[in-house]
Amino acid sequence: MIEYLSIRQTAEKWGLSKRRVQVLCTEDRIPGVIRIDSTWAIPFNVEKPADARIKSGKYRKCLKDISKDKT
Numbered sequence: 001m002i003e004y005l006s007i008r009q010t011a012e013k014w015g016l017s018k019r020r021v022q023v024l025c026t027e028d029r030i031p032g033v034i035r036i037d038s039t040w041a042i043p044f045n046v047e048k049p050a051d052a053r054i055k056s057g058k059y060r061k062c063l064k065d066i067s068k069d070k071t
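Numbering (our numbering), first residue to last: 1 to 71.
Quick caveat, the hints were computed from the structure, so don't treat them as lab data.
The reader is advised that the hints may include incorrect statements.
As the list claims (entries may be wrong) - Pair ranges (Cβ atoms, derived):
| no. | residue 1 | residue 2 | range |
| --- | --- | --- | --- |
| 1 | D28 | S6 | 16 to 22 Å |
| 2 | S38 | M1 | 19 to 25 Å |
| 3 | R53 | M1 | 33 to 39 Å |
| 4 | R53 | K18 | 16 to 22 Å |
| 5 | T39 | M1 | 14 to 20 Å |
| 6 | E3 | R53 | 15 to 21 Å |
| 7 | G15 | T39 | 33 to 39 Å |
| 8 | A50 | M1 | 17 to 23 Å |
Ideal Cβ placement from N, Cα and C applies to all residues, glycine included.
With the hints as extra help, turn the sequences into a complete structure.
This is the structure we're talking about:
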């Protein structure tokens, strides 16, 4: 039998906010996640999805330029 975790339990396990875990569930980025009424059930043994945010140097350079303009 597969054991499931709640949003809160998964957030604590992965070191994320509850809202971030909810977004990952909504975006179907967590394999095996199911929705029971208004509650998400996340398999116990599933790994934390990779961070898909953009981390290229081009965007970091823009942030540096913006912070220089503020000073």
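Each hint, compared with the structure:
A hinted range of 16 to 22 Å holds for the C-beta pair D28 and S6, which are about 18 Å apart. Checked against the given bound of 19 to 25 Å, the beta carbons of S38 and M1, roughly 23 Å apart, stay inside it. A beta carbon spacing of about 35 Å between R53 and M1 agrees with the range 33 to 39 Å that was offered as a hint. Separation of R53 from K18 is about 18 Å and conforms to the stated range, judged on CB atoms against 16 to 22 Å.
Distance hint for T39 and M1: a CB-CB separation of about 18 Å, consistent with the stated range 14 to 20 Å. The hinted range of 15 to 21 Å is not satisfied by E3 and R53, whose Cβ atoms lie roughly 29 Å apart. Between G15 and T39 the C-beta distance comes to about 21 Å, which lies outside the given range of 33 to 39 Å. A C-beta distance of roughly 28 Å is found between A50 and M1, which places it outside the suggested range of 17 to 23 Å.
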